[in-house]
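Residues per chain are reported as follows:
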Amino acid sequence: MPELLNAEIKKQVSDLFAELKDPVEIIFFGSEEKCTYCADTRHLAEELASLSEKLNLTVYDLQADAESASRFKVDKVPTLILAARDGEVTTDLGVHFAGIPAGHEFSSLIQSLVLVSNRDSGLSPQTREFLRGLKDPVHMQVFVTPT
Amino acid sequence: MENPLIKAEMVEATEFPKLADRHGVHGVPHTTINDGQANVVGAVPEANLLAEIQRALG
Chain A
25 MPELLNAEIK KQVSDLFAEL KDPVEIIFFG SEEKCTYCAD TRHLAEELAS
75 LSEKLNLTVY DLQADAESAS RFKVDKVPTL ILAARDGEVT TDLGVHFAGI
125 PAGHEFSSLI QSLVLVSNRD SGLSPQTREF LRGLKDPVHM QVFVTPT
Chain B
282 MENPLIKAEM VEATEFPKLA DRHGVHGVPH TTINDGQANV VGAVPEANLL
332 AEIQRALG
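For the record, the sequence lines run as chains A and B.
Here this note's numbering is used: the first residue of the first sequence is 25, the next is one more, and so on.
Here this note's numbering is used: the first residue of the second sequence is 282, the next is one more, and so on.
Calculated directly from the structure, the hints in this document are not laboratory data.
Keep in mind that the hints are not guaranteed to be accurate.
Simulated crosslink set (DMTMM-like; lysine to aspartate or glutamate; CA at most 25 Å straight-line) [unchecked claim]:
(1) LYS159(A) <-> GLU333(B)
(2) LYS100(A) <-> GLU283(B)
(3) LYS159(A) <-> ASP302(B)
(4) LYS288(B) <-> GLU49(A)
(5) LYS35(A) <-> GLU296(B)
(6) LYS288(B) <-> GLU91(A)
(7) LYS159(A) <-> GLU327(B)
(8) LYS288(B) <-> ASP85(A)
(9) LYS288(B) <-> GLU112(A)
(10) LYS35(A) <-> GLU327(B)
(11) LYS100(A) <-> ASP302(B)
(12) LYS299(B) <-> GLU56(A)
(13) LYS97(A) <-> GLU283(B)
(14) LYS100(A) <-> ASP160(A)
(15) LYS288(B) <-> ASP160(A)
(16) LYS288(B) <-> ASP116(A)
(17) LYS288(B) <-> ASP99(A)
(18) LYS288(B) <-> GLU70(A)
(19) LYS299(B) <-> ASP99(A)
(20) LYS97(A) <-> ASP302(B)
(21) LYS100(A) <-> ASP85(A)
(22) LYS159(A) <-> ASP316(B)
(23) LYS288(B) <-> GLU27(A)
(24) LYS58(A) <-> ASP302(B)
(25) LYS45(A) <-> GLU283(B)
(26) LYS58(A) <-> GLU296(B)
(27) LYS288(B) <-> ASP89(A)
(28) LYS100(A) <-> GLU296(B)
(29) LYS299(B) <-> GLU27(A)
(30) LYS35(A) <-> ASP64(A)
(31) LYS97(A) <-> ASP316(B)
(32) LYS58(A) <-> GLU27(A)
(33) LYS78(A) <-> GLU283(B)
(34) LYS299(B) <-> ASP64(A)
(35) LYS299(B) <-> ASP85(A)
Listed next, the stretches of chain A that the computed footprint assigns to chain B, with coverage defined by at least 3 CB atoms under 8 Å from CB atoms of chain B [said to hold, decoys possible]:
(36) 111-120
(37) 140-153
(38) 162-168
For every residue, glycine included, the Cβ atom is placed at its ideal position computed from N, Cα and C.
Same shape as in the complex, but just chain A:
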């Protein structure tokens, strides 16, 4: 498969990745069944993971690894999870991308990788206080299109 990211993009992303602090586990879920963008999304994740020593990629299959899918609450393919990795412990911080992060969402993916690596949401102190006080689950889904 040809590379998805050209040399110029790789250079820009590598510059951004220079500020990564702590390890991030990129967790990919794909499927052998009908999945138009699984191969491209996995390839994209592989290329990104190769750009920084702080990034590692784990590949799962939605059906074959049903237990992991259930643990990470994944029901769509492709899905990328940007998880914090500290030693042997991988923590899902709730940052998921369902579908290929192309177009604008490529920027969102890169920004999210930086946030997760720095373990800092960048939110205001008031927002953090409110969110930390939540007692009930909040599942936000942001629908986007690849333009």
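Using the hints provided, position chain B relative to the given structure of chain A.
Coordinates of chain B only, in the frame set by chain A:
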């Protein structure tokens, strides 16, 4: 990232059309909270999103 109870998921609408239809997605970005308890179309400033989360949980 601030609370393990919170999950934020980007969903590419054209790859998951049934889910997008179920939430009445016409324009993007379209944010739905807790399976339709609250919906916001367009970019959402931080404070507005908090208000929507409160509404969804209310």
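Hint-by-hint comparison with the structure:
Under the criterion of a C-alpha separation no larger than 25 Å, the hint pairing LYS159(A) with GLU333(B) is consistent with the structure, at around 16 Å. A threshold of 25 Å between alpha carbons decides the hint, and for LYS100(A) with GLU283(B) the separation of about 24 Å falls inside it, so the pair holds. Between LYS159(A) and ASP302(B) the alpha-carbon distance is near 30 Å, which puts this suggested pair outside the 25 Å criterion. This hinted pair checks out: LYS288(B) and GLU49(A) have alpha carbons roughly 17 Å apart, not beyond 25 Å.
Under the criterion of a C-alpha separation no larger than 25 Å, the hint pairing LYS35(A) with GLU296(B) is inconsistent with the structure, at around 29 Å. Only pairs whose Cα atoms come within 25 Å are accepted, and LYS288(B) paired with GLU91(A) is accepted, the gap being roughly 19 Å. Only pairs whose Cα atoms come within 25 Å are accepted, and LYS159(A) paired with GLU327(B) is accepted, the gap being roughly 19 Å. In summary, the hint linking LYS288(B) to ASP85(A) is supported, as the alpha carbons are separated by about 21 Å, within the 25 Å threshold.
Between LYS288(B) and GLU112(A) the CA atoms are separated by roughly 22 Å; this keeps the pair inside 25 Å, and the hint holds. Distance restraint check for LYS35(A) and GLU327(B): the Cα-Cα separation of roughly 31 Å exceeds the 25 Å cut-off, and the hinted pair is therefore not satisfied. Taking the CA atoms of LYS100(A) and ASP302(B), the gap is near 16 Å; set against the 25 Å cutoff, the hint holds. Distance restraint check for LYS299(B) and GLU56(A): the Cα-Cα separation of roughly 21 Å lies within the 25 Å cut-off, and the hinted pair is therefore satisfied.
A C-alpha spacing of about 18 Å is found between LYS97(A) and GLU283(B), which places the hinted pair at or below 25 Å, so the restraint holds. Taking the CA atoms of LYS100(A) and ASP160(A), the gap is near 23 Å; set against the 25 Å cutoff, the hint holds. Among the hinted pairs, LYS288(B) with ASP160(A) is consistent with the structure: their alpha-carbon atoms are about 11 Å apart, no more than 25 Å. Distance restraint check for LYS288(B) and ASP116(A): the Cα-Cα separation of roughly 9 Å lies within the 25 Å cut-off, and the hinted pair is therefore satisfied.
For a cut-off of 25 Å, the pair hint linking LYS288(B) to ASP99(A) stands: about 14 Å separates their Cα positions. Of the supplied pair hints, the one linking LYS288(B) and GLU70(A) holds, its CA atoms being roughly 24 Å apart against a limit of 25 Å. For the proposed pair LYS299(B) and ASP99(A), the alpha carbon gap of about 13 Å is at most 25 Å, so the pair holds. Distance hint between LYS97(A) and ASP302(B) is fulfilled; the C-alpha atoms sit about 21 Å from each other, no more than 25 Å.
Annotation: proposed proximity of LYS100(A) to ASP85(A) holds, straight-line Cα distance about 11 Å (limit 25 Å). Our distance criterion of 25 Å between C-alpha atoms is met by LYS159(A) and ASP316(B), whose separation comes to about 17 Å. As the CA atoms of LYS288(B) and GLU27(A) are separated by approximately 31 Å, the hinted pair breaks the 25 Å bound. Using a Cα cut-off of 25 Å, the hinted pair LYS58(A) and ASP302(B) holds, with the two alpha carbons roughly 20 Å apart.
A hinted pair counts as satisfied when its Cα atoms are at most 25 Å apart, and LYS45(A) with GLU283(B) qualifies at roughly 18 Å. Taking the CA atoms of LYS58(A) and GLU296(B), the gap is near 12 Å; set against the 25 Å cutoff, the hint holds. Between LYS288(B) and ASP89(A), the direct Cα distance comes to roughly 21 Å. Compliance with the 25 Å bound is thereby established for this hinted pair. For a cut-off of 25 Å, the pair hint linking LYS100(A) to GLU296(B) stands: about 10 Å separates their Cα positions.
Taking the CA atoms of LYS299(B) and GLU27(A), the gap is about 31 Å. The hint is violated against a cut of 25 Å. A distance of roughly 20 Å separates the Cα atoms of LYS35(A) and ASP64(A); the hinted pair therefore holds under the 25 Å criterion. Restraint check for LYS97(A) and ASP316(B): the C-alpha separation of about 15 Å stays at or below 25 Å, so the hint holds. Simply put, LYS58(A) and GLU27(A) have alpha-carbon atoms about 23 Å apart, close enough for the 25 Å limit, and the pair holds.
Taking the CA atoms of LYS78(A) and GLU283(B), the gap is about 21 Å. The hint holds against a cut of 25 Å. Proposed proximity of LYS299(B) and ASP64(A) is supported: the alpha carbons are some 22 Å apart, at most 25 Å. A threshold of 25 Å between alpha carbons decides the hint, and for LYS299(B) with ASP85(A) the separation of about 22 Å falls inside it, so the pair holds. With a threshold of 8 Å between beta carbons, the proposed coverage of the region 111-120 of chain A by chain B holds, since 4 of its residues qualify and at least three are required.
Evaluation of the coverage hint for the region 140-153 of chain A: fulfilled, as 8 residues show C-beta separations to chain B shorter than 8 Å, against a requirement of three. Interface restraint, the region 162-168 of chain A with chain B: holds (7 residues with C-beta to C-beta distance below 8 Å; minimum three).
Of the numbered hints given earlier, the model fails hints 3, 5, 10, 23 and 29; all others are met.
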